[in-house]
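As a plain string of letters, each chain reads:
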Amino acid sequence: MARIEQVLDECIDRLRRGESIERCLASHPEHAAELGPLLRMAAAVGRASAIEPRPEFKARLKYQALSALQSAGEKKRHGLFGGLARARTWATVAVGVLVLVLAGGGTVIASTNSLPGEPLYGVKTTVERVQLALTPSKVEKAKLLAKFADRRVNEIVSLVTQGKGERVDQTSVALARDLNRIGETLSSPAAVKGEAGLLGGEAAAPPQAYPTQTPEPPSVAVAAPGERGGEDDGRAEVKAARSPTEVREALRKEALRHQAALEKLLEKAEEKDKPAIRRAILRAAQAYQAAIEEGDGPRGEPGKP
Amino acid sequence: MQDEESIVRAAQKGDSDAFSMLYEGHFDKVYRYMSLRVGDRAEAEDMTQQVFVKAFEALPAFKWRGAPFASWLFRIAHNQVVDRQRRRGKQVTTSLEEVTAVSGDDPEGMVETRMSVEQVVAATRRLTPAQREVIGLRFGAEMSTSEVARVMGKSEGAVKALQHSAVVALRKVLMRDDDG
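Just so you know, the sequences run in chain order B and S. Position 248 of the first sequence, counted from 1, bears residue number 248 in the numbering used here, the numbering being contiguous throughout. Position 133 of the second sequence, counted from 1, bears residue number 133 in the numbering used here, the numbering being contiguous throughout.
One should not assume that every hint holds.
[What the hints assert, rightly or not] With a Cα cut of at most 25 Å, we get these calculated DSS-like pairs of lysine-lysine:
#1 Lys-253(B) / Lys-264(B)
#2 Lys-172(S) / Lys-264(B)
#3 Lys-13(S) / Lys-268(B)
If you are wondering where the hints come from, they were derived from the structure by calculation, not from laboratory data. Keep in mind it's a predicted model, so treat the numbers as computed, not measured.
Make a model of the complete structure from these sequences and hints.
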């Protein structure tokens with residue numbers, strides 16, 4: 001005689017295939033008295049367990065490529081260094097000004113196309129930090145950070161195509177950092193207050209006089225296959241945005257464009273570079289999501305309709 | 001139709017269609033498993049997300065050894081649940097009074113009863129961790145006993161014994177009006 005554990009297991013499988021409890025019991029009359037209540041309980045548990053995930057959650061997660069843990073790790077690092085970074089803001093400005101004075105405009109312009117790991121890349125990032133520090137408006141800061149994020153994606157594409165894939169991780173972390181700062185910037189009370197001010201014509205112009213307004217390299221590397229210019233390209237919208245809401249709308253398009261560009265890069269890349277590109281895709285998706293959602297009013301509580 | 005091994009290998013090479021097939025093929029089961037293990041819907045979503053994050057990151061290093069992809073995926077899910085319990089420091093338990101019993105008037109008619117997942121989850125908190133895992137994998141993930149055994153690192157006989165004791169215990173908790 002088969003043991004009850006064995007019979008129960010067999011019948012659970014049979015119920016799953018559509019057989020009835022009665023038929024299972026008929027196959028094992030010697031266990032029927034004990035087996036019947038257990039099978040009814042198993043059937044009820046099976047029915048109760050047949051819950052469906054929210055379709056929007058499933059779709060969003062698929063799109064975002066499931067990056068929550070990675071970003072949690074990054075956030076921890078940001079938490080650790082965030083205070084230090086703030087304390088260094090003025091020192092950064094001072095050093096940046098010094099670099100610009102000593103290096104001269106030619107070096108700054110030459111650094112525009114530099115990539116991580118190259119001698120002039122430090123100049124490029126210092127210039128960016130100085131630009132940020134000297135931009136008073138939160139909206140303009142967010143726009144500047146979006147522009148830097150676009151540069152980081154361009155750099156990732158260039159790094160891979162130039163066989164310097166080992167620098168992709170470093171660059172994608174910088175990309176995520178720029179995007180995270182957009183969310184923080186837009187959600188700050190000053191930005192929200194500034195939105196009303198901007199509508200009233202208070203918009204602060206970016207610091208045109210400063211020699212950091214270097215020519216932007218063409219962003220062709222980021223053009224995704226089949227991508228149309230114009231309405232699908234968030235760059236122009238970022239440039240034209242005058243309020244946090246408009247910046248966020250532009251970011252939605254930029255997120256899609258960058259995602260497409262990195263996925264295209266992944267297709268063409270050598271095997272050794274693919275893991276880092278995948279991580280870049282994950283980091284970008286998560287950081288864009290956070291940048292768009294942060295400060296965008298209270299988020300809907302997951303799991304509640 | 002592609003076999004699972006070739007789909008996994010394509011996904012490892014960055015084929016987004018293959019990754020989508022793996023995702024679509026397993027997402028609902030991972031979510032149901034998590035729902036049964038953690039109970040709360042928002043937390044189940046969060047845990048499901050973490051499982052696919054880890055799976056996506058680890059996929060390039062995945063080595064095909066003949067075991068179904070689901071076994072590997074649910075080992076990740078299992079480890080997530082274990083990590084969560086470790087982080088929380090102690091087991092979340094439910095007193096018997098917190099479990100809503102199924103109507104005891106008609107135990108034989110229970111096959112028609114619509115038990116809620118909340119009732120089941122509350123009842124499973126009265127089980128041992130191994131029993132809960134078996135319930136999650138067998139009824140949430142709809143795995144075969146051999147797959148459950150592989151995920152849990154136990155023999156099939158041990159899984160069947162755990163399944164039996166779990167169903168007996170669930171019935172005792174949920175039908176307590178009848179059995180005591």
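Hint by hint, here is what the structure shows:
Of the supplied pair hints, the one linking Lys-253(B) and Lys-264(B) holds, its CA atoms being roughly 17 Å apart against a limit of 25 Å. Between Lys-172(S) and Lys-264(B) the CA atoms are separated by roughly 56 Å; this puts the pair beyond 25 Å, and the hint is violated. A hinted pair counts as satisfied when its Cα atoms are at most 25 Å apart, and Lys-13(S) with Lys-268(B) qualifies at roughly 11 Å.
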